[in-house]
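Asker: Spelled out from the first residue to the last, the chains are:
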Amino acid sequence: MKSFRPRLLGLVAASLTAFAAQAADITVSAAASLTQAFRDIAPLFEAANPGTKVQLNFGASGALLAQIAKGAPADVFVSADQETMDQAQQRGLVKAGQRRDVVSNALVVIVPTAAAKVPATLADLNQPGFARIAIGLPASVPVGRYTKSVLEAAGLWTPIEAKMIGANSVRQALDYVARAEVDAGFVYATDAAIMRDKVKVAFTVPTPKPILYPVAVLAGAPNPAEAAKFVDFLFTPPARAVLAKYGFGKP
Amino acid sequence: MSGAWVALALTLKVAGWATALNLVLGVGVGFLMARCRFPGRELLDAALTLPMVMPPTVLGYYLLVVIGSHGIVGAWLLEHFGIRLIFTWQAAVIAATIVAFPLVFKAARAAFENVDPQLEDAARTLGISEAAVFFRVSLPLAWRGVLAGLLLSFARALGEFGATLMVAGSIAGKTQTLSIAVYEAVQAGQDDTAHFLVAVTSIVCVTVLLSAGRLVPGRVMARG
Numbered sequence: 001m002k003s004f005r006p007r008l009l010g011l012v013a014a015s016l017t018a019f020a021a022q023a024a025d026i027t028v029s030a031a032a033s034l035t036q037a038f039r040d041i042a043p044l045f046e047a048a049n050p051g052t053k054v055q056l057n058f059g060a061s062g063a064l065l066a067q068i069a070k071g072a073p074a075d076v077f078v079s080a081d082q083e084t085m086d087q088a089q090q091r092g093l094v095k096a097g098q099r100r101d102v103v104s105n106a107l108v109v110i111v112p113t114a115a116a117k118v119p120a121t122l123a124d125l126n127q128p129g130f131a132r133i134a135i136g137l138p139a140s141v142p143v144g145r146y147t148k149s150v151l152e153a154a155g156l157w158t159p160i161e162a163k164m165i166g167a168n169s170v171r172q173a174l175d176y177v178a179r180a181e182v183d184a185g186f187v188y189a190t191d192a193a194i195m196r197d198k199v200k201v202a203f204t205v206p207t208p209k210p211i212l213y214p215v216a217v218l219a220g221a222p223n224p225a226e227a228a229k230f231v232d233f234l235f236t237p238p239a240r241a242v243l244a245k246y247g248f249g250k251p
Numbered sequence: 001m002s003g004a005w006v007a008l009a010l011t012l013k014v015a016g017w018a019t020a021l022n023l024v025l026g027v028g029v030g031f032l033m034a035r036c037r038f039p040g041r042e043l044l045d046a047a048l049t050l051p052m053v054m055p056p057t058v059l060g061y062y063l064l065v066v067i068g069s070h071g072i073v074g075a076w077l078l079e080h081f082g083i084r085l086i087f088t089w090q091a092a093v094i095a096a097t098i099v100a101f102p103l104v105f106k107a108a109r110a111a112f113e114n115v116d117p118q119l120e121d122a123a124r125t126l127g128i129s130e131a132a133v134f135f136r137v138s139l140p141l142a143w144r145g146v147l148a149g150l151l152l153s154f155a156r157a158l159g160e161f162g163a164t165l166m167v168a169g170s171i172a173g174k175t176q177t178l179s180i181a182v183y184e185a186v187q188a189g190q191d192d193t194a195h196f197l198v199a200v201t202s203i204v205c206v207t208v209l210l211s212a213g214r215l216v217p218g219r220v221m222a223r224g
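Same order as they appear, the protein sequences are chains C and A. The working numbering applies: residue 1 is where the first sequence begins, and numbers increase by one. The working numbering applies: residue 1 is where the second sequence begins, and numbers increase by one.
Be aware that one or more of the hints could be misleading.
Here are the simulated DSBU-like pairs of lysine-lysine, each with C-alpha atoms no more than 30 Å apart in a straight line [stated by the list, open to error]:
(1) C:Lys209 to C:Lys198
(2) C:Lys117 to A:Lys174
(3) A:Lys13 to C:Lys200
(4) C:Lys117 to C:Lys148
(5) C:Lys95 to C:Lys148
(6) A:Lys174 to C:Lys148
(7) A:Lys174 to C:Lys163
(8) C:Lys229 to C:Lys70
(9) C:Lys163 to A:Lys13
(10) C:Lys229 to C:Lys53
(11) C:Lys70 to C:Lys117
(12) A:Lys13 to C:Lys198
(13) C:Lys200 to C:Lys117
Quick list of the computed label-pair ranges, beta carbon to beta carbon [to be verified]:
(14) C:Pro238 to A:Glu42: 55 to 65 Å
(15) C:Gly220 to A:Asn114: 50 to 60 Å
(16) C:Asp197 to A:Val73: 22 to 32 Å
(17) C:Asp101 to A:Gly3: 29 to 39 Å
(18) A:Val65 to C:Thr113: 17 to 27 Å
(19) A:Ala46 to C:Pro251: 30 to 40 Å
(20) A:Ala46 to C:Ala96: 56 to 66 Å
These are calculated hints, taken from the structure and not from any lab test. Positions of the beta carbon are idealized from the N, C-alpha and C atoms, including for glycine.
The shape of chain C in the complex, shown without the other chains (with noise of 0.2 Å):
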């Protein structure tokens, strides 16, 4: 048994990296919200790097940073707000100097496009006509963290939190006001903007800290040389059109 259980490990080890990411492969957790952007600038990455692949992977931050705390081969992780990067940072997995802020963005209310009533503050929300509110899960999305904020420095949490749908990621929440299923929704503006056709902003909600998505290189990257170049690309000028293209602002 004693020399058998190495010999499997390693016949399972073999056959694992026989599917793993190659040696110039990167892989980008990302914050939902950067889908999109993302998802073109990782050619533009790829086409000035060759021989390296970006795998991305996208989801609620607080979800992303639990699949990383359990060891997932990771090389970036980008939050969408800093609570979930300081956490990262507590658990030992990014290093303190290697974070940056990489876009700035902000809070919108949106309605369905075909809605009767638009809110025009947060205290509209209150009445009964909106029924249902689409807001992220604060314990593990970003955007459903800032709309609670927010709302509790308004005084609204308790009323409104009795009328939340709860939605996984910013774009559930984005999904369930563009098929109508909620009467409104919390959002970041970039989101909204995917969406033109389907949803309407009703009014950017101001937020006491501004939202900017951090981004970092992991302390355990399977290849940190690549992993900091992805990095840096970022704030290069083809990615930065990309980011502004899709509504992202500077940090």
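Fit chain A to the given chain C structure using the hints.
Answerer: Frame of chain C, contents of chain A only:
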């Protein structure tokens, strides 16, 4: 952790309703498929089995398209009755019922096909109605297979995740079933909650399976 008991109660409610609906739907369709001969019967059988082999997310998506407030059924319900199904526990029941339906239907069809038609004919010669033939001869003889299918469908409904999440969402205390609560806890990095929920789920499943094992032979002996 009290949230876990709420999720457990909801999960049992959803799985219970789904199984009750499948008792009627699955047994009815299974009986008709076993007794009626028509062209394209096997094709229909394959189509009815689709919910079991299709990815639950695909099913969830099409359910959203059909029962969503813009969908054919959803728009009709909203217009005539003011009912919105999405994000309700009833939507979770619909999802679980459809996903688990083939398990009951398949088991019931096989069970009815194993019932000797001569026994049914003998009952008819004694002058009892078709309904009585079904309830007093066919169903009691097929009961064991039907019950096995129902238990499997209950277990399947307990663990249903993909389609449920898409049509019922994840509203704590309203539509958040055990499997969805586990997913949420893992996403939020709450490992303790996840472990606890998994323990609860395992205990429930083992209890169901054990009691099923005890119930089935006894019932068959009593009836058969």
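Asker: Indicate, hint by hint, whether the structure satisfies it.
Answerer: Comparing the hints with the structure gives:
1. C:Lys209 to C:Lys198: holds (29 Å)
2. C:Lys117 to A:Lys174: Measuring from Cα to Cα gives roughly 26 Å; hence the hint holds.
3. A:Lys13 to C:Lys200: violated (38 Å)
4. C:Lys117 to C:Lys148: holds (23 Å)
5. C:Lys95 to C:Lys148: Holds - the C-alpha atoms of Lys148 (chain C) and Lys95 (chain C) are around 28 Å apart, at most 30 Å.
6. A:Lys174 to C:Lys148: holds (20 Å)
7. A:Lys174 to C:Lys163: Status holds; Cα separation ~12 Å.
8. C:Lys229 to C:Lys70: holds (25 Å)
9. C:Lys163 to A:Lys13: holds (23 Å)
10. C:Lys229 to C:Lys53: Judged against 30 Å, a Cα distance of about 12 Å means the pair holds.
11. C:Lys70 to C:Lys117: Status violated; Cα separation ~44 Å.
12. A:Lys13 to C:Lys198: violated (35 Å)
13. C:Lys200 to C:Lys117: Since the Cα atoms of Lys200 (chain C) and Lys117 (chain C) sit roughly 12 Å apart, the hinted pair holds (cutoff 30 Å).
14. C:Pro238 to A:Glu42: 55 to 65 Å: Between Pro238 (chain C) and Glu42 (chain A), where Cβ atoms are some 57 Å apart, the hint holds.
15. C:Gly220 to A:Asn114: 50 to 60 Å: holds (58 Å)
16. C:Asp197 to A:Val73: 22 to 32 Å: holds (24 Å)
17. C:Asp101 to A:Gly3: 29 to 39 Å: holds (35 Å)
18. A:Val65 to C:Thr113: 17 to 27 Å: holds (18 Å)
19. A:Ala46 to C:Pro251: 30 to 40 Å: violated (55 Å)
20. A:Ala46 to C:Ala96: 56 to 66 Å: Given range 56 to 66 Å: holds, Cβ gap about 59 Å.
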